[in-house]
Amino acid sequence: MVNLFDILVIEPLPAHLMLTVGALIISIIISIPLAALCLYNKKLATIVISFANLVQAVPSFAVLAIVVPLLGIGFTPALFAIVLRALLPIIKNTYVGLSTIDESAIHYAKGIGLTELQILRYIRFPNAYPAIFSGIKFAAILANSIAILTAMIGSGGFGENVFKYIHQYNIPFLIYSIIPVIIIAIFIELIFNLMEKKITPKPLRVK
Amino acid sequence: MIDIILQVWEKQDLSTKTIEHLAMFGWALSISIILGIGIGILIYKKTRIANVVFNILNIIELIPTLALLILFLPILGLGASPTIAACILYSILPIARNTHTGLTNINKEYIEVAKGLGLSSKEILIKVRLPFSLPLIIGGVRIAIVFTMGVVTLGGLIAAGGIGETIQTGLQFIKMDIIIVSSIWVGFLAVFFDGIAGFIEKKLKRRFDFGKSI
Numbered sequence: 001m002v003n004l005f006d007i008l009v010i011e012p013l014p015a016h017l018m019l020t021v022g023a024l025i026i027s028i029i030i031s032i033p034l035a036a037l038c039l040y041n042k043k044l045a046t047i048v049i050s051f052a053n054l055v056q057a058v059p060s061f062a063v064l065a066i067v068v069p070l071l072g073i074g075f076t077p078a079l080f081a082i083v084l085r086a087l088l089p090i091i092k093n094t095y096v097g098l099s100t101i102d103e104s105a106i107h108y109a110k111g112i113g114l115t116e117l118q119i120l121r122y123i124r125f126p127n128a129y130p131a132i133f134s135g136i137k138f139a140a141i142l143a144n145s146i147a148i149l150t151a152m153i154g155s156g157g158f159g160e161n162v163f164k165y166i167h168q169y170n171i172p173f174l175i176y177s178i179i180p181v182i183i184i185a186i187f188i189e190l191i192f193n194l195m196e197k198k199i200t201p202k203p204l205r206v207k
Numbered sequence: 001m002i003d004i005i006l007q008v009w010e011k012q013d014l015s016t017k018t019i020e021h022l023a024m025f026g027w028a029l030s031i032s033i034i035l036g037i038g039i040g041i042l043i044y045k046k047t048r049i050a051n052v053v054f055n056i057l058n059i060i061e062l063i064p065t066l067a068l069l070i071l072f073l074p075i076l077g078l079g080a081s082p083t084i085a086a087c088i089l090y091s092i093l094p095i096a097r098n099t100h101t102g103l104t105n106i107n108k109e110y111i112e113v114a115k116g117l118g119l120s121s122k123e124i125l126i127k128v129r130l131p132f133s134l135p136l137i138i139g140g141v142r143i144a145i146v147f148t149m150g151v152v153t154l155g156g157l158i159a160a161g162g163i164g165e166t167i168q169t170g171l172q173f174i175k176m177d178i179i180i181v182s183s184i185w186v187g188f189l190a191v192f193f194d195g196i197a198g199f200i201e202k203k204l205k206r207r208f209d210f211g212k213s214i
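If you're matching them up, the sequences are chains A and B in order. Numbered by this note's numbering, the letters in the first sequence go through residues 1 to 207 in order. Numbered by this note's numbering, the letters in the second sequence go through residues 1 to 214 in order.
Please keep in mind that the hints were generated in silico from the structure rather than gathered at the bench. It is possible that part of the hints are untrue.
As the list claims (entries may be wrong) - Some chain B residues judged to face chain A by a derived CB distance under 7 Å, without partners named:
1. Ile63
2. Pro64
3. Ile70
4. Thr153
5. Gly164
6. Asp194
Unchecked claim - Heads up, incomplete: computed chain B residues facing chain A, CB under 7 Å, no partners named:
7. Leu62
8. Leu66
9. Leu73
10. Pro74
11. Val146
12. Gly150
13. Leu154
14. Leu171
15. Met176
16. Ile179
17. Ile180
18. Val186
19. Gly187
20. Val191
What the hints assert, rightly or not - Below are the SDA-like pairs computed for lysine to any residue, each with C-alpha atoms no more than 25 Å apart in a straight line:
21. A:Lys92 to A:Glu196
22. A:Lys164 to B:Ala80
23. B:Lys175 to A:Phe80
24. A:Lys198 to B:Leu62
25. B:Lys175 to A:Leu71
26. A:Lys92 to B:Thr101
27. B:Lys205 to A:Asn53
28. B:Lys203 to A:Gln56
29. B:Lys203 to A:Ile49
30. A:Lys164 to B:Leu62
31. B:Lys46 to B:Leu57
32. A:Lys137 to B:Asn55
33. B:Lys11 to A:Pro69
No experiment lies behind these values; they were computed from the predicted model shown. The beta-carbon is built from N, C-alpha and C at its ideal position, and this holds for glycine as well.
Extracted from the complex, chain A is given alone in its bound form (with noise of 0.2 Å):
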């Protein structure tokens, strides 16, 4: 029994976490500034956001199908795919959190004397963090599902069970190896739920 919970959960966790972490910490640092240099050059923001709205629609199993022509296979290339779709929510996110701002908050910021740099700091950035989050929540959602299909293409983690089993048609199995990824799944929902209420400014709170 110790054996089995070490191959169906032990085993593939370390690859599974760093595939679904590292993926989200890479789209973090990319599509935040990305979204906030959006806010001031409105060419970049059109480009970026109808590139991110056609992507969005992508089958997830064709994007990563269509990383292994360019990168090959391997880790690298599954974090790569997993990247590039984890990163369009939280722009879209972001973009639309920081842009759709009440004017006269602006405006009486200008008129205290802040910089541009400020506002963004003090003021758009506060009002966007329940629309980042939420973006956040969904990729990270969304990075947990694929880093299972990622399996594939020779990433490890838990699909490489996934797919050994689906070979053998033993469902038992497969089932046991599936559970652990449900559980993560809520897992990351129950986190940033809690991190949500604690991070949006008190005024945003809902009651």
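For this one, chain A is given, so just place chain B on it according to the hints.
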């Protein structure tokens, strides 16, 4: 270039695969639309039940796509039926939620006017609430289209056929030409259907958005 595409197309029988793909897509989407709008209408007056239903659907949404497909294997076996079932479970939420939001967040004045004219609540639903919700409902359908395309493509992994199967073949033997042609083709199909839904959404918004005139 075109030679290679045609060669892959014929060898992998992509015409048949595309038909299989779109058939699953069509079935799954039609059933989701019927169920989603139906659920939205059934629960729009019952806040408590609505909360429970949406919580359950939200949890389903968390489950990774492949995991949901696998959860259906013991019940429905391999092939198209677990794929369609998974598509439906994912797609009900956006459609039902948007229908619910559209039906409940309607301008109170319209309801008052309709009541004043002597319409029954059923008539108000059909003649006032539903038409005004159409832009939102189609927005939900648009999200469902993206979900359904994604799940149908994954169905290739559990022998559902469709273009996903071709992608899998390409990945298994690392045949770059097959990978490129099939994944770009399925990407194009997804963007195409999303675009059509987006176009309809825009038209409906223009037709039913009276917010500014009042």
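For each hint, the structure was consulted:
1. Ile63: Result: holds, 5 Å to nearest chain A Cβ.
2. Pro64: 4 Å, holds
3. Ile70: 5 Å, holds
4. Thr153: Hint on Thr153 of chain B: holds, closest Cβ of chain A at ~4 Å, below 7 Å.
5. Gly164: This interface hint holds because 6 Å falls under the 7 Å limit.
6. Asp194: At 4 Å from the nearest chain A Cβ, Asp194 of chain B passes the 7 Å test, so the hint holds.
7. Leu62: Because about 4 Å separates Leu62 of chain B from the closest Cβ in chain A, which is inside the 7 Å limit, the hint holds.
8. Leu66: Check passed: Cβ of Leu66 of chain B comes within 5 Å of chain A, closer than 7 Å.
9. Leu73: Given a least distance of 6 Å, the restraint on Leu73 of chain B holds.
10. Pro74: 5 Å, holds
11. Val146: 5 Å, holds
12. Gly150: Hint on Gly150 of chain B: holds, closest Cβ of chain A at ~4 Å, below 7 Å.
13. Leu154: Interface hint status for Leu154 of chain B: holds (5 Å vs cutoff 7 Å).
14. Leu171: For Leu171 of chain B, the interface hint holds, since the closest Cβ of chain A sits about 5 Å away, which is under 7 Å.
15. Met176: Met176 of chain B check passes; min Cβ-Cβ to chain A is 5 Å, inside 7 Å.
16. Ile179: Constraint on Ile179 of chain B satisfied, holds at 5 Å.
17. Ile180: At about 6 Å, which falls below the 7 Å cut-off, the nearest Cβ of chain A leaves the hint on Ile180 of chain B intact, so it holds.
18. Val186: 5 Å, holds
19. Gly187: At 4 Å from the nearest chain A Cβ, Gly187 of chain B passes the 7 Å test, so the hint holds.
20. Val191: 5 Å, holds
21. A:Lys92 to A:Glu196: Given that 25 Å is the threshold and the Cα spacing comes to 18 Å, the pair holds.
22. A:Lys164 to B:Ala80: 21 Å, holds
23. B:Lys175 to A:Phe80: With a Cα-Cα distance of about 20 Å, the restraint between Lys175 of chain B and Phe80 of chain A holds, given a limit of 25 Å.
24. A:Lys198 to B:Leu62: 22 Å, holds
25. B:Lys175 to A:Leu71: Holds, at about 14 Å.
26. A:Lys92 to B:Thr101: Holds, because 22 Å separates the two Cα atoms, which is no more than 25 Å.
27. B:Lys205 to A:Asn53: Roughly 19 Å between the alpha carbons, so the hint for Lys205 of chain B and Asn53 of chain A holds.
28. B:Lys203 to A:Gln56: 22 Å, holds
29. B:Lys203 to A:Ile49: Roughly 21 Å between the alpha carbons, so the hint for Lys203 of chain B and Ile49 of chain A holds.
30. A:Lys164 to B:Leu62: Distance of about 24 Å is within 25 Å: holds.
31. B:Lys46 to B:Leu57: 16 Å, holds
32. A:Lys137 to B:Asn55: 16 Å, holds
33. B:Lys11 to A:Pro69: 20 Å, holds
Of the numbered hints stated above, none is contradicted by the structure.
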